[in-house]
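Number of protein chains: 4
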Amino acid sequence: MSKRKICVVVTARPSYSRIKTALQAIKDHPKLELQLVVAASALLDRYGSAVNYIVNDGFEISAKVFNVLEGENLTAAAKTTGIGILELSTVFDNLKPDMVVTIADRFETMATAIAASYMNIPLVHIQGGEVTGNIDEKVRHAITKLADYHFVASEGAKQRVLKLGEESESVFNTGCPSIDLAKNVLEKPELNFDPYQKYGGVGSSPDLSNGYIVVMQHPVTTEYADSRKHINETLQAINTISIPVLWFWPNVDAGADGTSTGIRSFREKFKPNHIHFFKNMEGEDFLRLLVNSKCLIGNSSVGIRECAYLGVPVVNIGTRQNKRERGNNILDVEYDSSAIEKAILHWLHNPKPNLSTVYGGGDAGVQIANLLAESPLRFHKTITY
Amino acid sequence: MSKRKICVVVTARPSYSRIKTALQAIKDHPKLELQLVVAASALLDRYGSAVNYIVNDGFEISAKVFNVLEGENLTAAAKTTGIGILELSTVFDNLKPDMVVTIADRFETMATAIAASYMNIPLVHIQGGEVTGNIDEKVRHAITKLADYHFVASEGAKQRVLKLGEESESVFNTGCPSIDLAKNVLEKPELNFDPYQKYGGVGSSPDLSNGYIVVMQHPVTTEYADSRKHINETLQAINTISIPVLWFWPNVDAGADGTSTGIRSFREKFKPNHIHFFKNMEGEDFLRLLVNSKCLIGNSSVGIRECAYLGVPVVNIGTRQNKRERGNNILDVEYDSSAIEKAILHWLHNPKPNLSTVYGGGDAGVQIANLLAESPLRFHKTITY
Amino acid sequence: MSKRKICVVVTARPSYSRIKTALQAIKDHPKLELQLVVAASALLDRYGSAVNYIVNDGFEISAKVFNVLEGENLTAAAKTTGIGILELSTVFDNLKPDMVVTIADRFETMATAIAASYMNIPLVHIQGGEVTGNIDEKVRHAITKLADYHFVASEGAKQRVLKLGEESESVFNTGCPSIDLAKNVLEKPELNFDPYQKYGGVGSSPDLSNGYIVVMQHPVTTEYADSRKHINETLQAINTISIPVLWFWPNVDAGADGTSTGIRSFREKFKPNHIHFFKNMEGEDFLRLLVNSKCLIGNSSVGIRECAYLGVPVVNIGTRQNKRERGNNILDVEYDSSAIEKAILHWLHNPKPNLSTVYGGGDAGVQIANLLAESPLRFHKTITY
Amino acid sequence: MSKRKICVVVTARPSYSRIKTALQAIKDHPKLELQLVVAASALLDRYGSAVNYIVNDGFEISAKVFNVLEGENLTAAAKTTGIGILELSTVFDNLKPDMVVTIADRFETMATAIAASYMNIPLVHIQGGEVTGNIDEKVRHAITKLADYHFVASEGAKQRVLKLGEESESVFNTGCPSIDLAKNVLEKPELNFDPYQKYGGVGSSPDLSNGYIVVMQHPVTTEYADSRKHINETLQAINTISIPVLWFWPNVDAGADGTSTGIRSFREKFKPNHIHFFKNMEGEDFLRLLVNSKCLIGNSSVGIRECAYLGVPVVNIGTRQNKRERGNNILDVEYDSSAIEKAILHWLHNPKPNLSTVYGGGDAGVQIANLLAESPLRFHKTITY
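Chains as they are written, first to last, in UniProt numbering: chain S, 1 to 385; chain A, 1 to 385; chain E, 1 to 385; chain L, 1 to 385.
Warning: the hint list may mix true and false statements.
If several chains are the same, the list does not tell them apart, and a pair holds so long as it fits within one copy or across any two.
As the list claims (entries may be wrong) - Calculated cross-link-like contacts (lysine to aspartate or glutamate; reagent style DMTMM-like; alpha-carbon spacing at most 25 Å):
(1) 198 <-> 284
(2) 5 <-> 190
(3) 96 <-> 45
(4) 279 <-> 28
(5) 342 <-> 45
(6) 27 <-> 194
(7) 183 <-> 169
(8) 96 <-> 226
(9) 163 <-> 28
(10) 64 <-> 226
(11) 279 <-> 268
(12) 269 <-> 194
(13) 5 <-> 60
(14) 323 <-> 155
(15) 163 <-> 60
(16) 198 <-> 33
(17) 198 <-> 334
(18) 188 <-> 334
(19) 27 <-> 190
(20) 269 <-> 325
(21) 198 <-> 285
(22) 27 <-> 57
(23) 229 <-> 284
No lab work stands behind these hints, which were simulated from the structure alone.
Next up, chain S with everything else stripped away, as it sits in the complex (with noise of 0.2 Å):
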């Protein structure tokens, strides 16, 4: 009997990280056939190129889709978006799946979700139903509504999806395929790398042995205008702090380019030596990272999903993050450097969270490839209500 085709497509790094246990479970399926589509920013140098730690991983890539249209303004995303269309249509028609995953709610997964629904291939989305309280919200939402299988990574998530009016038997909680890594993280969770050395960077390469914070701050879409004040109060609050900060590089968006030339800017004027700038990191790597550091600070959902699972301190600033379930791992902030400051304090000279599974126990990936395989293949469906 032949295998059923599932075409998964990857736009950007760390949703990569987010579905790489369902990737590997998918080729490891005695009835599937992985078929991977690598896009977006994921295809490009200065947003990580997830493209290179994918095939590291052993992963044979079907088809890479160029669709990131450059300018610093919210049309490029629309565009992008546009030209995503046209181009995974052409691969779809191509790859002829049986059905095809979409991960998560970054603006281009519409494209995907488009693309194949309108193609009436079956649509799989993993991680719908979360609430955040910005543009990727509509887009979540929206794609949910396109999609014909749900599977979330939280039993909120779940119940979300289901007042949505999706049918109960499209609807499935495996967790979020991240923690299944941070599961294999946590059974050897010493740093057995030397990060300057294993991922080089700029700036200072402070010494890590007597403990060291992390920083990921993303440009928020819809507050545009803002992304550069924002992230100088987060650099101001580091400014302060002495302890060694490993700072990560934000992923594309309108707007990257204020957080990105505040961080120059930082740079050029103070010279910090006590941080160090990494542009991406392996995803276990970087777990392992951040289980041996004192805290993460910014508005990555690692801090929200991964390091509850961890038992990571965060402090999470801002918008971006709002609304979505967590763990008590979390300190929320405001974008204001004092308040900032002295949360990173609060975790710096108190103890660290007890874990939690609120985004699953670590077999998403086995689960979602099991549900692949045996879920009905339909494109037809209809509101509950």
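Could you slot chains A, E and L onto chain S? The hints should help.
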């Protein structure tokens, strides 16, 4: 004070009919400036050139967007949407509207919704919240999740949009603007023009003075391969009926050519002398034609909507209008020639049904214009649960 | 040793007729692998579905590219070309051809030329160097400047390509592959099929046994507004002639609808009983039809090219074939009904002209395949002066 | 009488420098209205934001076109051109220019040429007819064949355009507008600004008062894989020279990142204290910097063109400027660090060359504006042989 700029994107002839009174009310409103964009099949000769009616009705067109990619397959629908995003984002960049309005649920309306929402322009969706049970339903509810305001056409639709998690202050049951036209027509219902002379078309020109029926049947996207078979059932039923028939060609859709080919082949083979074929007709003329007909056959939403208010009997074929709220003017039948014939005979020998205001009372256009003038300009929302 | 991969992009029915024997020779060549891409109007029903003939002739299609943007204006031609580049670059990325072949001078062939040359794939141009005097000429010579090899159809064309600064080792006069088909047909010239039965079409079916004429007239792009007027002159001339007429619909082009509308309107008005209309015809059948006809009317290049070799008289209307090399089978006339009528009468009452090898001796396909197999793979060139 | 609308499309910083005085002359001409479209890398921060200089120089921008598709491969160049056609055809539809002007030979200028010529808008090409011997040559001569008017920069270029079969009344040797700027600069040649202070940049800030050299080296498209190797030879030569160096980053091109990565890696490794890196510089300031330098190193066309008129010595590396007409200010060397070093030392120890008017006498801008005002509006041409 400068007027609020309202950009309405019309992509098909039926959408124009449905929004016309709102366009007029926007144009007439002292606080609003209308920016009318005509796109997709609304510009094309073989789908009825809505653009000509628009110009004749005295509206000024701010931009035309050609984005229909030819091709007899579903991929073309996806690519048409992708091209639509590329083009409309440029249009919005140029026109700088304060709000964008998109109508109903054709596949290409998603391009309007994505371009506007990604560019942080408040998006208004007309006629969300309805149910039918085909691909249109995915598009319709996805647009609801992208839109900031919802002007719906019935109480059922309003309840459904609220259940989808939209805030109650963003949802308004204005009724459908197409009922505004129906109300005008009911005030002077006489057939005051000669359809053959005014609209040309092909085929015989049977005498209409002793009654006639009207046919309008569109292909159903998700049943692409079957569209020719479906139309054949209708053609066979019509062929056995001797009363004059006025037949309207279908709109563009993947599958349109199955329907069109069926009709052409029927004409060549049977050379029927009781049928006349029209490409299209100006909205009010069409409603007047319906009021004076014995019944409407097919799957057009006009049967569900305007005909409810007009009290025109309808034989509704197949799944296209499944689950829509309806008055008591509807007889539902399957794709089956004898069932279709039987239902037609029913209406030929029974009294007309009473009119119903399920889709509004005839002031939707004015309500919509007032709401556009007074609603806060916002593009940031969150789900209510 | 692996075979050299030759990617041929066919974008229209006439291009296919013109390249068919070369495709066969490439397919049969021991050192070559044929990658056949079918694009643009060659895929579309209303332009004769060349794709069906291609499949029936036993060719395997490597990729289909839908890039025709609907719209009754010149802008659509530009956008169709832009979309073609987007799509074809993906196709070339997937197929990784060693050489790309583009045919003649239709506007959308520029997409093939740009995608290949920008991607550093050696580009072969079939039938450059000719002159006509309309927009096609800009495209044709621009492609010459992008191409690495030139397989031209006549000695005059070869001299012109050399004057354009191309290196002499890159220019070869192979003759036109369409003449290869003509040669086959001349070996068994009898009309061995019933055109009405085999190709359907619409209109009357006059008896052909006492002679008939053939009409094929395309709109001329740079005279867009005039295309309806032009076709009317021809229609008027044909209307006055009583001999049976076999009329072929025009190809897609900006302006096509002017021509088509003219023909449709004429049919409705005059209901002519000596004319039959075909959408298209398989190449060899069409040539056999011409060999047995009294003459060909219109502006098709078939008149200039195949008819020279076949000795078929031609009434060539207007500017489309201006300046092309020609045999003595051509009478040139302007867009003028009486001139057209007079020229037709001339050919009906005078003997047929001798055949001419100005466009080749019937072995172009084999010559082209051999050149593709043996020419160095290079994509870097400079002008010779 | 209404003014003739001249639409000039600028796609890159160097193109702007090259056309600036013509833009001013068009703006000032009583019979002309300037429509300035800024597109492609001219809009992007990391390629020098030509758009900022354009605004600062007082030009009003009629439309911005974002069409650069990110991707480190040649496919992205093809797709950028395809998107350019889609966008520019909309722009021309809106602006309705009487003539369109495209500049030189960058790959994306083909988008301007195709959109304008397919839409029957008279196309003017600035700086056709030159020779270099790389991909640019295909683009340049192909645009000549699409263009209706040719305003060339040298007598050799004029002769070449005529040989390409263009009519003599369409070809004018105006000289290069960049020489107009050079003429202005020569009238007041003193270095009247502090480059570090005015333009920022990174790296050391060596004292310039005892002489300095300038470096500007672009990747060569058809030698993509080698771009990093090429830049390394230059970096090695520069590293052995102790005189201050002002280095300018390359423009966007497939391969740009090979060059950029080489430079970044060199900086990290050698931390050179005699080199300052600039992203870009306003045209006149850059020329003034050159006039006061010891010599220019690299492969910029500024070396061939403006430096001829300015009498600035040049070490021209590699094939990019192959075969261009040149004054006696050029020393040509291969990609070889010792040859580069030797050539630099030659110029450091020998007198400056005399100036040359091979690329014009400094009134090109005014000549171009006058020709645009007086030339017949035509878009129909034929080859002269």
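We went through each hint and held it up to the structure:
1. Only within a single protomer do residue 198 and residue 284 lie at most 25 Å apart by alpha-carbon distance; the minimum there is 13 Å, versus 45 Å between protomers.
2. Taking the shortest Cα distances, residue 5 and residue 190 never come within 25 Å of each other, neither inside one copy (38 Å) nor across copies (52 Å).
3. For the identical chains of this complex, residue 96 and residue 45 are inter-copy neighbours only, at 23 Å across copies versus 29 Å inside a copy, given an alpha-carbon limit of 25 Å.
4. With identical chains, the CA atoms of residue 279 and residue 28 are never at most 25 Å apart, being 31 Å at best within one copy and 49 Å at best between copies.
5. In the homo-oligomer, the alpha carbons of residue 342 and residue 45 never lie at most 25 Å apart, since the shortest distance is 35 Å inside one protomer and 36 Å across protomers.
6. When the C-alpha separation of residue 27 and residue 194 is checked against a cutoff of 25 Å, the pair qualifies neither within a copy, at 31 Å, nor between copies, at 56 Å.
7. Neither within a single protomer nor between protomers do residue 183 and residue 169 lie at most 25 Å apart by alpha-carbon distance, with minima of 28 Å and 44 Å respectively.
8. Proximity of residue 96 and residue 226 under a CA criterion of 25 Å is satisfied inter-copy only: 21 Å between copies versus 43 Å inside one chain copy.
9. For the homomeric pair residue 163 and residue 28, neither the shortest alpha-carbon distance inside one copy (34 Å) nor that between copies (40 Å) is at most 25 Å.
10. When the C-alpha separation of residue 64 and residue 226 is checked against a cutoff of 25 Å, the pair qualifies only between copies, where the shortest distance is 23 Å, while the shortest distance within a copy is 33 Å.
11. Taking identical chains as interchangeable, the C-alpha atoms of residue 279 and residue 268 lie at most 25 Å apart whether they share a chain (17 Å) or sit on different chains (15 Å).
12. In this assembly of identical chains, the alpha carbons of residue 269 and residue 194 lie at most 25 Å apart only when taken from different copies (20 Å versus 28 Å within one copy).
13. Proximity of residue 5 and residue 60 under a CA criterion of 25 Å is satisfied in both settings, with 14 Å inside one chain copy and 24 Å between copies.
14. In the homo-oligomer, the alpha carbons of residue 323 and residue 155 lie at most 25 Å apart inside one protomer (14 Å), although the nearest pairing across protomers, at 31 Å, exceeds that limit.
15. In the homo-oligomer, the alpha carbons of residue 163 and residue 60 never lie at most 25 Å apart, since the shortest distance is 38 Å inside one protomer and 42 Å across protomers.
16. Taking identical chains as interchangeable, the C-alpha atoms of residue 198 and residue 33 are never at most 25 Å apart, the minima being 33 Å within one chain and 45 Å between chains.
17. Within a single copy, residue 198 and residue 334 get their C-alpha atoms no closer than 34 Å, and across copies no closer than 36 Å, so neither meets the 25 Å cut-off.
18. Proximity of residue 188 and residue 334 under a CA criterion of 25 Å is satisfied in neither setting, with 35 Å inside one chain copy and 54 Å between copies.
19. With identical chains, the CA atoms of residue 27 and residue 190 are never at most 25 Å apart, being 29 Å at best within one copy and 61 Å at best between copies.
20. When the C-alpha separation of residue 269 and residue 325 is checked against a cutoff of 25 Å, the pair qualifies neither within a copy, at 38 Å, nor between copies, at 46 Å.
21. Only within a single protomer do residue 198 and residue 285 lie at most 25 Å apart by alpha-carbon distance; the minimum there is 10 Å, versus 42 Å between protomers.
22. Only within a single protomer do residue 27 and residue 57 lie at most 25 Å apart by alpha-carbon distance; the minimum there is 12 Å, versus 40 Å between protomers.
23. In this assembly of identical chains, the alpha carbons of residue 229 and residue 284 never lie at most 25 Å apart, being 32 Å within a copy and 34 Å across copies at closest.
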